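Here the structure of chain B is known, so what remains is to put chain S in place on it, guided by the hints.
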Amino acid sequence: MSDIAERVKKIVVEHLGVEEDKVVENASFIDDLGADSLDTVELVMAFEEEFGIEIPDDAAETIQTFGDAVGFISKAV
Amino acid sequence: MFDLTGKSALVTGASGGIGADIARALHAAGATVGLSGTRVEPLEALAAELGGRAHVLPCNLSDAEAVEGLVKRAAEAMGAVDILVNNAGITRDGLVMRMSDADWQAVIDVNLTATFRLCRAAIRGMMKARWGRIVNISSVVGQTGNAGQVNYAASKAGMVGMSKSLAAEVASRGITVNCVAPGFIETAMTDKLNEAQRAGILGAVPAGRMGTPQEIAAAVLYLASPEAGYVTGATLHVNGGMAMV
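From first to last, the protein sequence lines are chains B and S.
Sequential numbering from 1 applies to the first sequence in this note's numbering.
Sequential numbering from 1001 applies to the second sequence in this note's numbering.
One chain only, chain B, in its complex shape:
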């Protein structure tokens, strides 16, 4: 797993309090990992901080799964 994926996973595990092995490619933050809509906003804020990037609102809406997040951030950094 890439360094970016590891860092994203660490944030997701810490923020949502889920087991690491649940955070897989197509795991949906809301449907599979128990996030509410505010959690998804906070995750995006945490990603922005960790990677020093800006994630615009329309892009944030497309980040539904762990894989989406890793994919978006990999392109953005």
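Among the clues, some could well be false.
Below, in silico cross-link-like pairs of lysine-lysine (DSBU-like), each with a Cα-Cα straight-line distance of 30 Å or less [to be verified]:
| hint | chain 1 | residue 1 | chain 2 | residue 2 |
| --- | --- | --- | --- | --- |
| 1 | B | K9 | B | K75 |
| 2 | S | K1164 | B | K9 |
| 3 | B | K22 | B | K75 |
| 4 | S | K1164 | B | K10 |
| 5 | S | K1128 | B | K10 |
| 6 | B | K22 | S | K1164 |
| 7 | B | K10 | B | K75 |
| 8 | B | K22 | B | K9 |
| 9 | S | K1164 | S | K1128 |
| 10 | S | K1072 | S | K1128 |
| 11 | S | K1164 | S | K1072 |
| 12 | S | K1164 | B | K75 |
| 13 | B | K10 | B | K22 |
Calculated from the model, a selection of chain S residues having no Cβ within reach of chain B, i.e. all distances over 12 Å [as the list claims (entries may be wrong)]:
| hint | residue |
| --- | --- |
| 14 | S1062 |
| 15 | G1148 |
| 16 | A1154 |
| 17 | V1160 |
| 18 | G1161 |
| 19 | V1170 |
| 20 | A1171 |
| 21 | R1173 |
| 22 | R1198 |
| 23 | A1207 |
| 24 | E1215 |
These aren't lab readings, by the way, just hints derived from the structure by calculation.
What you are looking at is a predicted structure, and each value in this text was computed from that prediction instead of being measured.
Glycine included, C-beta positions come from ideal geometry on N, C-alpha and C.
Chain S only, in chain B's frame:
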């Protein structure tokens, strides 16, 4: 009770009578205060009076960019914004048939839109801290209406609906959002009334007197305190019984 040691509070309209007393009350409870307003002189006088733990942060709330930057400046000066008190407000009274779009818009911009922008900017840090207090100063006329004040009453009623909605969004993060709705309070705003107007108003106040800025500040202090953690989306009316809602 009501110990705010270690907390930082940003108060808008701190150059006015009510805002200054809100800042004094929070400061006396141990908070560091950020004093915002348009007139620098009274802010500096207040900061000097308070001594330590006071920062002067001038801001024109009708300037969108300045509003966006205010919370950031406050956080830089104080380390955080744990408590936000949206107290600044303006009036441009007039009967509807004579009210210009500009008078409508100016009041909505400062009283409602600036409050929204400051809330939006402040909740970011509060969410991270898992603690925050927002107190928006509404008005009795937001509930009762008042001839000659469609713009002001709309802005103050709008504040209540906005506060309830925001309260629902952030309650799970330890952030509360409440309103205080003053009735007739002795300030520069009510000093402009003539004797007949004053007598008319007091006839409608069961307490038989105007309220004091300190009585508003005490309500704000309560809502800003750790003890009020289970109170959110509420409006605390401080009006001498003028409107019992």
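Hints versus structure:
1. At most 30 Å may separate the alpha-carbon atoms for a hinted pair to count; K9/B and K75/B meet this at roughly 17 Å.
2. Taken as a hint, the K1164/S and K9/B pair is broken in the structure, with Cα atoms around 34 Å apart against an allowance of 30 Å.
3. Between K22/B and K75/B the CA atoms are separated by roughly 24 Å; this keeps the pair inside 30 Å, and the hint holds.
4. At most 30 Å may separate the alpha-carbon atoms for a hinted pair to count; K1164/S and K10/B exceed this at roughly 34 Å.
5. With a C-alpha separation of about 17 Å, the suggested pairing of K1128/S with K10/B holds against the 30 Å cut-off.
6. For the proposed pair K22/B and K1164/S, the alpha carbon gap of about 35 Å is over 30 Å, so the pair is violated.
7. For the given pair, K10/B sits about 19 Å from K75/B by alpha-carbon distance, which is consistent with the 30 Å threshold.
8. For the hint linking K22/B to K9/B, the alpha-carbon distance of about 10 Å falls within 30 Å, and the restraint holds.
9. At most 30 Å may separate the alpha-carbon atoms for a hinted pair to count; K1164/S and K1128/S meet this at roughly 21 Å.
10. The suggested pairing of K1072/S with K1128/S holds, with an alpha-carbon distance near 15 Å, which does not exceed 30 Å.
11. Note on K1164/S and K1072/S: the hinted pairing holds, with a Cα-Cα distance of about 24 Å set against a maximum of 30 Å.
12. Simply put, K1164/S and K75/B have alpha-carbon atoms about 39 Å apart, too far for the 30 Å limit, and the pair is violated.
13. For a cut-off of 30 Å, the pair hint linking K10/B to K22/B stands: about 12 Å separates their Cα positions.
14. At roughly 26 Å, the least C-beta separation between S1062/S and chain B is larger than 12 Å, which holds for a residue marked as non-interface.
15. Every beta carbon of chain B lies more than 12 Å from that of G1148/S, the smallest distance being close to 40 Å; the non-interface claim holds.
16. Taking the minimum C-beta to C-beta distance to chain B, about 28 Å, the non-interface status of A1154/S holds against the 12 Å cut.
17. No Cβ of chain B comes within 12 Å of the Cβ of V1160/S; the nearest lies about 22 Å off, and the non-interface call holds.
18. Every Cβ of chain B is farther than 12 Å from the Cβ of G1161/S; the closest lies at roughly 20 Å, confirming the non-interface assignment.
19. Some Cβ of chain B comes within 12 Å of the Cβ of V1170/S; the nearest lies about 7 Å off, and the non-interface call is violated.
20. Chain B draws A1171/S into its interface by the beta-carbon criterion, the shortest separation being 10 Å against a cut-off of 12 Å.
21. Distance to chain B contradicts R1173/S as a non-interface residue, since its nearest Cβ pair spans about 7 Å, not more than 12 Å.
22. The non-interface label for R1198/S is consistent with chain B: the shortest C-beta to C-beta separation is roughly 47 Å, beyond 12 Å.
23. For A1207/S, the non-interface assignment is confirmed: its Cβ lies about 41 Å from the closest Cβ of chain B, beyond the 12 Å cut-off.
24. Even its closest Cβ contact with chain B, about 35 Å, leaves E1215/S beyond 12 Å, as expected for a residue assigned away from the interface.
Hints 2, 4, 6, 12, 19, 20 and 21, counting from the list given before, are not met by this structure.
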